[in-house]
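So the chains spell out like this:
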Amino acid sequence: MTIANQAAPAVAVVGGGPAGLAAARTAADLGSPVVLIERLGFLGGMPIIENYAAITPHLEPAEVAMGRMITAVESHPLVEVVLDTEVTSCEGEAGAFTLTLEGGAGGSRKISAGAVVVATGFQHFDPGRETQMYGYYEFPDVIALQDLEAMLKDHHVVRPSNGESPARVCFVQCVGSRDRQIGNEYCSKVCCGIASKEAMEVRQMLPDCEVFIFYIDMRMYGYWENQIYWPAQEQYHVQYVKGVISEVLPKGDRLLVRGEDTTMGRPMEVLMDLVVLSVGMEPSPGTRKMASVLGIEQNKYGFVEAVQPPLDTVSTSRVGVFAAGAALGPADLEDSVSTGAAAASRAVALLRSPVGA
Amino acid sequence: MRSSPSEPAGAAVAERPRARGAAVKSEAVAGFDDVTYEEKRKLFEEVRSDLRFPDYLYGCYECGICVAVCPSARFYDFSPRRIAQAAARQDVELIYQQMQEDIWECSQCFSCLRCPRGNNPGGIVTIMREVAVNHGLASAKEALEGYSRIIYKIMSTGTQVSPDMLQPDAFPDWGPEVADVSNQLALWRRALPPETLHTTSTGWDVSDRTLIELYLIWLETGALDMIRDVDEGLHMILEEVMEERLEEEGIER
Ligand SMILES: Cc1cc2nc3c(=O)[nH]c(=O)nc-3n(C[C@H](O)[C@H](O)[C@H](O)COP(=O)(O)OP(=O)(O)OC[C@H]3O[C@@H](n4cnc5c(N)ncnc54)[C@H](O)[C@@H]3O)c2cc1C
Ligand code: SF4
Ligand code: SF4
Ligand code: SF4
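Which chain is which? The protein sequence lines are R and X, in order.
Residue numbers for the first sequence follow the numbering used here, so the first one is 153 and each next one is one higher.
Residue numbers for the second sequence follow the numbering used here, so the first one is 3 and each next one is one higher.
Chain X extracted, bound-state conformation:
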């Protein structure tokens, strides 16, 4: 960050690295597919008709408070103000562009809730992301690509990162101790006081009943189907795992 007391405010701004460009984005996203205006309009209508939308956007002063408090705005060419502004102006073209690019740069920290108008730009991003995922937009596919293992873990076990995923080579920055720990993982885990943490392939012990409930929720609410368009293979595997388990339990859907 640079700020110089002798220059006018315009010149004394913080310098930010530019994140946009081929070096960061895959080809598919950098040159994302242009679709018809009707298609873009449909995506926007889906965002706007979301139950939460009226609570997340009243109108926008374009005052920039959200940008000033936004961590992502400091590091990327990302602006919660532009998110709110585009939504308020119902700028269908810009909103589509944002769904293909900007929305994945938000950290979902909700510092922007300090908006004097009571807007929630981060919440608008949440809705835009859900719509992007539901429609399998290229940006959603790319953003979730690195997470297929995590999604698999969460949806199949109900827990996120499991101890056996912490291989020493995967996290060199965690230091030399990680190797020792992972060699004797089960032993180290048993040293933890709560018995529910004596697990290695899940984050903690998930009871049968919890898991079954979870599978039913993923299936019945359509949460599982959300990823169909983003990662077809993963969707198939998960569906199989869940249905098999439910069949074992004698639960018919």
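The shape of chain R in the complex, shown without the other chains:
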């Protein structure tokens, strides 16, 4: 069914990750036709693209959880899913936009939409740009959160250098976040929880492996406190050390990490088998690109700017264009699906409002 040609104006959702899926489903459930446009050949966003194993808080497999959302959207009679496709222009105004789509089987085509929801998400910070000396591209046993996710998903956590099980693993927090030198002055919000979650999974899989987390502040607010932080310490005996690593050096076939144990007040040097960098979030290239295609304001970090904070989380600088999920800045799944649903309801409300935009 080609939704965009129906009588009621459609909501165009750009990006098929958790936020875009929530937006598509909400708008459709409210009775509005939806066109969901995804750059890749499949839906699900980062949890699927980057092979996340299990998601917070109950460690449900990411594929299962995301699979439910994807099925609900794909089987919805009011949703048309357009894969392998990007939006290259957006003309008109709220209530009557014309979007040009490129890619997919159809080549280039135009669709009309009454409102647009941007849900183009984030990308992981590239650890090659960090300003300490962690050697992500130098040492095979220095990996990032998403690399460990992929190993956890395969139930096979090893040192990439030799295929052996690690006896000591550490996480280095805030890589690429909260850093004036790099220019990412914000906290990426999820990496403390994700690192702790992965730490528990490693301990579950390799009970003899010691796991350390080197941090500046542990940020697991709300229920993540007793859902993640406490079990990590109390059940899984993950060691939390306040002090961030400045350098990773090769030592024999292991890695020496240097830092300060700040609460003990002493410099430390510890041998590790596997070092996991807790990389933060940056706007995805798609988010930057869509912001310019749609002509909406970005903040200095390149995320889409929500222009009426704090009580309106989804309006952008262009009437009729809303944003959701990690396109707005660092966000966990709960934030992403919440803003996805909020953006969709605002879009539908706008199209139905008797006073118009």
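Keep in mind that the hints were calculated from the coordinates and are not lab data.
No residue lacks a Cβ here, since even glycine has one placed at the ideal position from N, Cα and C.
Treat the hints with care, as some may be off.
As the list claims (entries may be wrong) - Here are some, though not all, of the chain R residues that point toward chain X, as calculated from beta-carbon distances under 8 Å:
| no. | residue |
| --- | --- |
| 1 | Asp-299 |
| 2 | Arg-330 |
| 3 | Arg-332 |
| 4 | Ile-368 |
| 5 | Ser-398 |
| 6 | Pro-419 |
Guided by the hints, dock chain X with the ligands onto chain R, whose structure is given.
Below, chain X with the ligands without anything else, positioned relative to chain R:
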């Protein structure tokens, strides 16, 4: 350095020699004078109102990266984090203590510029040192004691260590050749290609014009007065040398 793979991180730390104590510090510094809170506050205000201060301290995560990269922290009971933390907390008492002790243990290498907040703990130390010198704190006097010859050389000639200071007995670790060289110092110096290095009592040839400019700078900027409270005798000698020379040149101040 010791690190053991089987112990928890807390136990696997690097061992450092402790530098603090009577064996290293003079009596005057080990038991440095306690002054009134107002006096300490004044010193801190002087540090904080320095033009550079806002660029050197934003706020501190207490993350310890600066300590991990600091060479002095490995060998002394010194911590750039504590410097930044004390300044950020405006802990007047602790800052005074640091000005009497810690700041002289920094090597001013600025490795700590890697701070993710953009702080410069070594730069805070620079400011604290200047204030300590300006106020003639006991620690500044002690730290500069061994350097009066060097300060004299720099301020009176504009060059630092001069060839004739390299006596064989002063630098035994430089090996037996030093004796030969110092016996025939002028000859060896003439063997150096640049003519400006054919000197023995200064590091290189300093032109009259440079020296006069330098003296004027030391005097006009107050750089010379900085050492008045630390070494009165040295201050007097230098002032005399400079003023005499300027008088010869017919320069009035
Ligand atoms: C390693 C790791 C593990 C995580 N695990 C958890 C967890 O357990 N629990 C939790 O709450 N959060 C977790 N998160 C956070 C979670 O991944 C995000 O909250 C979530 O993915 C954000 O969803 P999103 O839809 O906004 O963006 P994304 O997931 O980034 O999805 C964006 C989608 O838009 C598409 N797209 C991009 N550009 C375009 C374009 N121009 N046109 C069309 N489509 C485009 C992309 O292909 C993608 O499908 C984790 C994050 C990391 C880094
Ligand atoms: S969530 Fe934790 S690791 Fe991530 S940027 Fe914030 S404090 Fe750092
Ligand atoms: S000064 Fe910078 S590097 Fe040192 S502890 Fe504070 S924030 Fe960390
Ligand atoms: S400048 Fe001082 S505080 Fe900074 S790293 Fe060097 S020795 Fe340490």
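Taking the hints in turn, this is what the structure says about them:
no. : hint    : in the structure
1   : Asp-299 : violated (22 Å)
2   : Arg-330 : holds (6 Å)
3   : Arg-332 : holds (4 Å)
4   : Ile-368 : holds (4 Å)
5   : Ser-398 : holds (4 Å)
6   : Pro-419 : holds (5 Å)
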